[in-house]
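Those protein sequences? They're chains D and W, same order as listed.
Each step along the first sequence adds one to the number in our numbering, with nothing skipped, and position 336 is 336.
Count along the second sequence starting at 1, add 1000, and that's the number in our numbering.
For the record, the hints were derived by calculation from the structure and aren't laboratory data.
Being a predicted model, the structure only gives us computed values, none of them experimental.
Glycine is no exception: its CB is placed at the ideal position from the N, C-alpha and C atoms.
One or more of the hints may lead you astray.
As the list claims (entries may be wrong) - One-sided excerpt, in silico: chain W residues whose CB lies under 7 Å from chain D: (1) E1049; (2) L1224; (3) S1308; (4) I1311; (5) L1378; (6) M1381.
Stated by the list, open to error - Distance condition first, Cα-Cα at most 20 Å in a straight line; then the derived SDA-like pairs of lysine to any residue: (7) D:K4 with W:N1392; (8) W:K1098 with W:L1342; (9) D:K3 with W:L1342; (10) D:K3 with W:R1316; (11) W:K1220 with W:H1193; (12) D:K61 with W:D1314; (13) D:K4 with W:N1030; (14) D:K4 with W:R1316.
Chain by chain, the residues:
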Amino acid sequence: MSKKVVVGMSGGVDSSVAAYLLKAQGYEVIGVTMEIWQKEPAGILEKEGGCCGLSAVEDAKRVAGILGIPHYVMNFRDIFQQKVIDYFVQEYQAGRTPNPCIACNRFVKWEALLRRSLEIGADYIATGHYACVKKLPNGRYAIARSKFDRKDQSYALYNLTQEQLSHTLMPAGEYEKEQIRCIAANQGLQVAHKPDSQDICFIPDNDYKRFLEEETGKKPCEGNFVDTSGNVIGKHSGITNYTIGQRKGLNLAFGYPVFVTELRPDTNEVVIGKAEDVYVDALEAVQLHCMAVEHFEEGQRMMAKIRYADKGQMCTIEKLEGDKVFIVFDQKVRAVTPGQAVVFYQENTVLGGGTIIRSC
Amino acid sequence: MDKLIYLDNAATTSLGQEVLDEMMPYLRENYSNPSSVYDFAQKSKKAVEDARGIIAAALGAKDREIYFTGGGSESDNWALKGAAAALEEKGKHIITSKIEHHAVLHTCEYLERQGYEVTYLDVDENGLVSPEAVEAAIRPDTILISIMFANNEIGTIEPIEKIGEAAARHGVLFHTDAVQAFGHIPIDVEKMHIDLLSASGHKFHGPKGIGFLYIKDGVKLDSLIHGGAQERSRRAGTHNVPGIVGIGAAVQSAMQKMQANTEKEKAIRDYAIDRILKEVPYARLNGDRTERLPNNINICFRFIEGESMLIMLDQRGICASSGSACTSGSLDPSHVLLAIGLPHEIAHGSLRMTLSGETTKEDMDYVVDSIKQIVERLRSMSPLYEDFVKSNKEQ
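One chain only, chain D, in its complex shape:
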């Protein structure tokens, strides 16, 4: 009997083609759209390209109809609220910059959806991520970069567990975006030219400051801008409005460009520095997760990405302490941001990663 796979279908082109590819490879494919959006008032126009919302369900159902596969909607609202939205809000309030996609992948897609899929008799779950799953000679599973670097999404998948990876397929990782659109068009899928989803799916207008205010029910607290020596140099509108490395919107005039270098939630201060202050040599990360390797070692050399769009920089593990890691970069890196992930690679393979807590 052919293996059963649940494909998480967002209604977008990538997951639609993933479903098609798996069916063509002989899998028994079941399409599932995850209902994660919270109640939206009737009459709100949905932005095209988002992965949430009722129109996503309709698009996914149409694609499933064309492919001739069953399609279901599964409700993950509660877990999404708890593991993604609440986390997102708490991180901002703690002066960090969260990555909600990583949290969603780890706890919603690869925990809740996977469990539900195994329940209904599936062997695997699959998504339209531009990344590959491979089994290594050492017997471990790992995420590898997409064959085509431009769209690579391996960064946001670094903390999947071995158990989760053993039940995961990612067929889109073998292709380039243009090829995926081509396949969709050839199969008559109406989503072939749907715009890419952008930004944060649960904040369709991309105004995260408004979203935070609505979620918490309060305005951010004003506080002081301070320079790197601690002198007060102005008033800020609330630390949740700033990220490390930010230059625009500070409303400070010094005759040279200034940047946010640190957020201090305890004292409600935003630290301002010069361009060079945004560059650091080292960082500390926690919740170290091992993927391709069973464990990391002090002195280990590898490539590290400190944000999704980062090209990556060689670094060395200086110190390991439980699930804490301290790494030093070969060359200074810009805007190390607490709350973001640092992901380690060996060539194309994800070795693991952790959550940045501070730059050093």
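Given chain D, work out where chain W should sit, using these hints.
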């Protein structure tokens, strides 16, 4: 999948063959607009009035009290918004229950935003609305009471006659959403003191997109759909002649078969309920055991997700649902199950099966056997069940 076992007749039903046969001429040769002057329009006109007569007779109403609409939701919207607008002078208070269909609840919420005040009555653990509670909620400014005839999720039949009496005693307009009841159980608008009643054709083997609102003679109601002079100038829009012919034929058929179908469905329903409650541990029947639609089964299985069960039943060719099909197809804890006092996590694990006259005992044996296997599998994978078993052992 060899056979499809369709157990979602509360969502919609198959179109009766005899209904389709009656409709066919009005889809092809008699396509005239009944409002037109020429003789060709006469056949359509007569067909519309014949259907109206059949429906009126089924309710104990007069022909002119039946107004065709686009379906149950439109009828509910019309009744509520129309009464609210027409009676604004008298007051702005409406009484309804917490377990109404969303066509009523969301309309009430809309009216609240327009400045009306709505009392949402609680129900008991079986989903019954108390006529005394209805009466107690009536105020001088109450303009409308809207209580459903039978609940779409748990099948509970409300004490409509008693509620109608209470409404009549206080001179308050009484609307009932009878979408799940009409065509399935006897209704007499006169005896039950009903002023407004909503129904929908596709719930009893008629076509989709056609329904009606019964408006008792003399009841003031603003129009919802404005335009031409159809339906005595109260509901505009070219008559959906094939739909109207279809709903008429479906009512005729439903009334003829009602007694026989009720007996048959009740026997199979009770057989299936008994088997499930006996053979599946930690299962609970929702809704009243006797004041219940003949075709409704609604059961909660603890420690499992209703969603997974529905998918696994589907994989075996069994169409069932959880609560209502009127959302995006996904499961939120049902407002009805929450209203009868079920905790959030149990309200997630409910299964609704609604039979038709064609459902057989053999069908239900296959379904119950499938449910047993599915529940066992899901519980074997459920962390909740594992915890429960552990804590039981410790005690």
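Of the hints given before, which are not true for this structure? Violated: hints 1, 2, 7, 9, 13.
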